[in-house]
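K.L.:
Read off the chains here:
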Amino acid sequence: MLRRRWVDAVVVVVVVLAFVLAPQAYSNETLLFQMMVYIALSQGVNILYGFTGYLPFGYVGFFGIGAYGASLLMLHLNWPPILALLGGGAIAVLLGLVLSPLLRLSGAYFAIASLAASQAVYLIVSNPALQNVTYGPYGIQLVSQFNPTLSYYVMVVILALTVAVVLYIRRSRFGTALQAMRDDPVSAAMAGVPVVRQRTFAWMISAGIAGLVGGAFAWQTSVFYPDAVFSLSISIFAIVFTLFGGAGTLLGPLFGSVVLYGMYNTIGISDPQYFQLIYGLLIILLVLFLPDGAASLLKRRGSHVL
Amino acid sequence: MKQLRRYLFGLAGVAALLIAGCGSTTSTTTSSTAPKDITIGTLYAGSGSYATSSLPELAGLKFWMSQVNKDGGVFVKAYNKKIPVKLVDYNDQSDPNTAQTLYTQLITQDKVNILVSDFGSVLTSVAVPIAQEHKMVLFDPTGTGASFFTPTNPYIVLTGLPTSAVWPDNLAKYLLAQNFKKVAIVYAENDFDQSQDETLTTQLKAGGVTPVYNQGVPTTTSNYDVIIHNIAATNPDAVLELGYPNNDIAFLQNLAASGQHFGFLFTIFPGQLFSLLEQNVGAKTLTDTYTYPTPPLLAYNSGVNYGMTISQFTQAFQSANGSAPNFLDIAGYNTGLAIQKTLETAKSLSQLDLRAAAGKIHMFTLDGDFTINKEGAQMGETLPVGQIQASGSGLKTVIVFPSSVATGTAVH
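Protein chains in written order, with my numbering: chain A, 813 to 1118; chain B, 1201 to 1612.
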């Protein structure tokens, strides 16, 4: 037990140190920030998909509402950024609660319904009739709050918390219950697992992570339109990174995000004309030969992947 | 213990990947001696919804670069010599989040001397705070969002069009002059189109005309069937559709298919991307509709005191690229001219000196009068109202308002 805790602490410290030190070696902090965003989002997807089997195509809805929630708290109520960011996370959790009936669906139905819900949120936020509240299609301007350095380190903290939460879930009875529900909800319920409550709790944790990350993203970006924070590509990236690394593990989504997002930028910068071809081929190969992600390579050899 | 060691190796691997995955740093150019070239960094959308507008803009900038390099480079006052221009361009795929990373890449890794934003407000928006943070002047060809230009940001220069809220000034005056009482407006819900809608409705109301229909639609709208019938039900004297090229195309296609006809119909992009619109909706649908004519439809041949005239540019561009230029090619070229004039007059390559020099530019190019205000917004150019009319077997654009620049009268 003690060794496990020690390993968990090392994992969190390594992740934090990597991103605290990375700007010394590489000065494109925006890229590093976005990499953290995708690692945290893929871990959020991981909590839901990896542990409960629910694939949230509309995950970006929580990210977007977190970005808008935090921004509007700063703009309308003059909340300090860090507090507003926590508020953005809370608003995302609230949205998760409102949308929790979606969990009655499963499989493709849930994926499509969550996507539709995220689009509905997007259309509400960008609606010109709500211009006085959300600024509608004019987007958000946080120029007076813009602080890329502090927002970067706050994102490091959010990432560390996310990693810690995933580690906790993996180690806890709660995580075991979630996995039991994923494999066979009826049996889990018969064994006394409160399926609906536990699943809703996981859904809200996942929403809260996306909301916090969205708030940090808004603070770091400071000028953005609704399309930028409700773009479906954000959901797709988080899901692909999770699947590539291996859902249900901590290191899988971390590995997937670092490798694929690093590749996305390397190819996008050096050979943009081949980017879509290479990325597309990679995903096809993944689906064909590694449907359980890169982590399954190690698992096949009998190794335990954290 | 073995297991533990394996974890730690794994984590170290991920950390190493993290550093490696980010690429490598590049060297810094010292500013004491003349650089061997002036690097201009820009983004373009090679795919996605902004590609049709972004690629021509890049082509125009590249054309300008080829012209100056053919002549030995751009004259840089700070070194009193001509220096070749080099372009560093990345594909943001129309994604603002990717653009954000790539703008930072241009500044921090490529250490470009001049930063030019991608097409339009959405892809420019993310560049504005990044440029300001890194104290780099952002040469902005077509990002006309009014919120980019503030007294606290000295690092932006809008080289092409005026801010979008100013665009419909002449259009509103023309509608009032025509004594239209029933005006219907449908606009895409984005900064660019909604700001025009607000200006129009404010000015029309001041003139005693309240639009009988004023409806926003998502920018992604691709079917206007129901909207067209709703508008027709109000029996309007004039219909204005404000959108991006994809919206204009969908609206005009749906209108042609619906069998409805409006006596006065205005759309934005036939005036900028005439060939694209004609190709997609047909000459018949465009005939007698109104638009904002921009170069090359608005032909500045006399009075040009910097760079090529529109005729010279059209000929040279066509022979270099094999296709006739549209407005966005010209916007890209015009951005090059603004950079050129800035370098010719700036006392050093420091960003604040570049911005100060850009602020003093007064020139008349193939894109019209170039004058920016203190906030960096373009003030020189104005957009007249034009009508696309039948001319023999083709179409021509006639400027109908204001009378000072009119080239003909409207056909109803």
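It is worth saying that the hints were derived from the structure and are not from the lab. Worth double-checking, as some hints may not be accurate.
[Stated by the list, open to error] Derived DEER-like restraints, expressed as beta-carbon distance ranges:
hint	chain 1	residue 1	chain 2	residue 2	range
1	A	Asn890	B	Asn1353	38 to 44 Å
2	B	Gly1272	A	Asp1104	57 to 63 Å
3	B	Ser1548	A	Tyr980	38 to 44 Å
4	A	Asn890	B	Ala1234	56 to 62 Å
5	A	Leu1089	B	Thr1607	27 to 33 Å
6	B	Asn1521	A	His888	58 to 64 Å
7	A	Gln836	B	Lys1282	56 to 62 Å
8	A	Leu889	B	Ser1511	55 to 61 Å
In this text the structure is predicted, and so the values were computed from the model without any measurement. We put the beta carbon where it would ideally sit given N, CA and C, even for glycine.
K.L.:
Please test the hint of 56 to 62 Å on the beta carbon pair from Asn890/A and Ala1234/B.
P.N.:
Roughly 49 Å apart at Cβ, these two residues miss the hinted range, so it is violated.
K.L.:
Do the beta carbons of Asn890/A and Asn1353/B sit within 38 to 44 Å of each other?
P.N.:
violated (21 Å)
K.L.:
Between Ser1548/B and Tyr980/A, does the beta-carbon spacing fit 38 to 44 Å?
P.N.:
With Cβ atoms ~56 Å apart, the hint is violated.
K.L.:
Determine whether the Cβ-Cβ distance between Leu1089/A and Thr1607/B falls within the hinted range of 27 to 33 Å.
P.N.:
Between Leu1089/A and Thr1607/B, where Cβ atoms are some 48 Å apart, the hint is violated.
K.L.:
How does the Cβ-Cβ distance of Gln836/A and Lys1282/B compare with 56 to 62 Å: does it lie in that range?
P.N.:
Between Gln836/A and Lys1282/B, where Cβ atoms are some 38 Å apart, the hint is violated.
K.L.:
Do the beta carbons of Asn1521/B and His888/A sit within 58 to 64 Å of each other?
P.N.:
violated (49 Å)
K.L.:
Taking the Cβ atom of Gly1272/B and the Cβ atom of Asp1104/A, is their distance within the range 57 to 63 Å?
P.N.:
At roughly 60 Å between Cβ atoms, Asp1104/A and Gly1272/B fall inside 57 to 63 Å, so the hint holds.
K.L.:
The hint says 55 to 61 Å between Leu889/A and Ser1511/B; measuring C-beta to C-beta, is that right?
P.N.:
holds (57 Å)
Of the hints listed earlier, those the structure fails to meet are numbers 1, 3, 4, 5, 6, 7, in rising order.
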